[in-house]
Amino acid sequence: MSEEIIKNIIVRENEDYIINMGPQHPSTHGVLRLEVCLQGETVKYIIPHIGYIHRGIEKMCEAITYQQIIHLTDRMDYLSAHMNNEAVCLCVENALQVEVPERVKYIRTILDELNRLASHQLWWSAFGMDLGALTTFFYGLRDREMILDIFEESFGSRLLHSFNAPGGLMHDVHPNFQKGIKDFITYFRKKLPEYDQLLTGNVIFQQRAKGIGIMSREKAIAYGVTGPSGRGSGFSCDLRKYAPYSAYDKVQFNEILYTEGDTLARYKVRMDEMWESMNIIEQLVDNIPEGDYTAKMKPIIKLPAGEYFQRVETARGELAVYIVSDGNKTPYRMKFRSPNFSNLFVMNELAAGGKIADLIAISGSLDLVIPDIDR
Amino acid sequence: MNMIFNYIREIFRAISSLWAGMRITGKYFVSPGQIVTQKYPENRATLKMQERFKGEIIMPHDENNQHRCTGCGICEMNCPNGSIEILTNRVPNADGKTERIIDKHIYHLSMCTFCGLCVKTCPSDALAFGQEFEHAVFDRKKLTKVLNQPGSSLKKEAKQ
Ligand code: SF4
Ligand code: SF4
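Just so you know, the sequences run in chain order U and E. My numbering puts the first residue of the first sequence at 1, with every later residue one more than the last. My numbering puts the first residue of the second sequence at 376, with every later residue one more than the last.
Among the hints, erroneous ones may be present.
[Claimed, not checked] With a straight-line Cα cutoff of 20 Å, these simulated SDA-like cross-link-like pairs (lysine to any residue) come out:
#1 K44/U to Y17/U
#2 K495/E to I300/U
#3 K210/U to E385/E
#4 K191/U to Y403/E
#5 K44/U to A357/U
#6 K268/U to R144/U
#7 K495/E to H171/U
#8 K210/U to I386/E
#9 K191/U to I386/E
#10 K414/E to L141/U
#11 K414/E to D149/U
#12 K516/E to K495/E
#13 K179/U to R103/U
#14 K190/U to R398/E
#15 K423/E to F177/U
#16 K329/U to E307/U
#17 K191/U to R384/E
#18 K59/U to K402/E
#19 K402/E to F137/U
#20 K210/U to R384/E
#21 K191/U to M486/E
For the record, the hints were derived by calculation from the structure and aren't laboratory data.
All chains, full assembly: derive it from the sequences and hints.
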């Protein structure tokens with residue numbers, strides 16, 4: 001496979017007809033520039049240009065303490081803010097060998113899944129809009145609003161939570177937390193079938209998604225495409241199953257796998273994951289144990305010298321955190337392996353040879369969040 | 376024959392799928408059920424944010440214009456963005472020793488990322504999140520605020 005990738009290295013030719021998609025194209029969901037070479041309406045190749053919102057988060061982390069790093073991770077994949085926070089917290093906790101209270105584990109897992117739901121809802125809304133179905137945007141955001149209200153009630157913020165702290169949570173959740181979630185699940189179980197009626201079955205949508213941008217399992221593995229995009233190609237990569245963290249070892253759920261590998265398969269994985277997320281939340285929400293919302297931590301956290309690694313499953317795939325510590329209160333080096341970075345670079349393979357309209361469908365189905373790529 | 380039959384069946388399936396979607400939008404058009412949008416500028420008088428809403432950092436003062444900030448500088452140290460500056464004065468107290476009191480607690484709203492670390496780490500619980508969210512101003516300088524009110528003093532029982 002790797003030889004094949006090397007063979008596929010793109011060579012620009014002088015007579016190539018090149019247009020730029022982005023950096024401010026609404027369909028790219030952020031400041032991403034795709035250099036698209038066209039032959040008529042057929043895409044010859046795509047070169048993604050990244051870095052338009054590079055903020056140097058990894059470098060910034062080297063100057064601030066572990067508690068302060070948390071709020072920067074919010075700003076990578078802002079739609080999976082809670083999972084990003086959790087990845088750093090878990091890494092620090094493992095390094096210090098702190099046992100967090102059960103209550104924290106349960107709440108973190110519930111919030112992970114709520115965050116995943118909110119993220120998939122927004123993706124569904126935007127994906128429909130990319131393909132010309134503006135209606136989905138209103139329906140998706142209407143339901144997402146209920147999750148954001150739960151977030152706002154407990155953490156005070158809707159998107160960038162900064163709610164995790166090494167050792168536990170910043171403060172306890174709101175007393176209405178459980179009730180709000182149960183109301184939402186009852187509500188959303190009724191609304192999710194509407195999504196299918198609105199978009200999934202729609203003939204125009206089907207025609208634009210079926211058989212478009214086929215990614216084989218080998219290709220997904222070779223490019224490191226994880227998350228729902230990888231699982232749409234039959235690449236079984238759900239870390240919640242394979243490397244359970246927090247309370248994922250206490251719940252029953254299915255890993256969603258589709259083998260077609262096309263845009264429709266990636267779409268279906270996310271739709272089914274929404275059902276699974278609701279199942280997971282329902283198993284946990286009534287059993288949140290009482291207890292402290294944080295383990296006892298020193299005000300200044302110093303990791304013992306060494307290297308630490310932790311992976312979590314965000315809404316878009318595998319996020320890995322790698323910390324090198326020299327024993328100080330700031331990390332010596334911090335590295336994030338962000339899922340979107342790998343997911344972006346498979347795009348040339350999927351879209352080359354197809355039509356330019358399919359490129360929009362493919363980029364939508366990969367569900368890219370650009371700040372996570374640039375960091 | 377089979378081809379024509381399939382073709383017609385496809386057309387009917389296509390129409391029924393479009394109809395399924397139209398039925399939902401039509402249903403919400405005639406009976407919206409609940410109104411999910413808010414008339415924002417009109418409802419400003421009644422608009423209430425959630426109690427934990429992170430709008431800005433404030434320093435609550437009581438009716439005697441007293442706050443709880445001792446000027447220790449822990450919030451300044453914990454802020455990842457340098458949004459807080461603490462200016463202190465040294466004044467002699469009743470025992471004849473010099474004592475550090477807060478002169479100005481300067482808060483740069485424009486640099487704050489609402490991480491909540493200052494509120495969490497303040498040992499005297501002097502800071503809180505305010506509910507104000509309409510922060511648009513014409514001059515950036517207006518976003519730099521002095522949190523302790525003029526003439527305010529330290530609440531005595533808050534002193535450790
Ligand atoms: S607000 Fe709190 S942490 Fe900051 S200087 Fe005052 S007492 Fe210290
Ligand atoms: S909320 Fe965070 S960024 Fe804002 S002033 Fe407090 S510590 Fe600084």
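Run through the hints listed earlier and report the numbers of any the structure violates, in increasing order. Hints 9, 12, 17, 18, 21 are the ones this structure does not satisfy, whereas the remaining hints hold.
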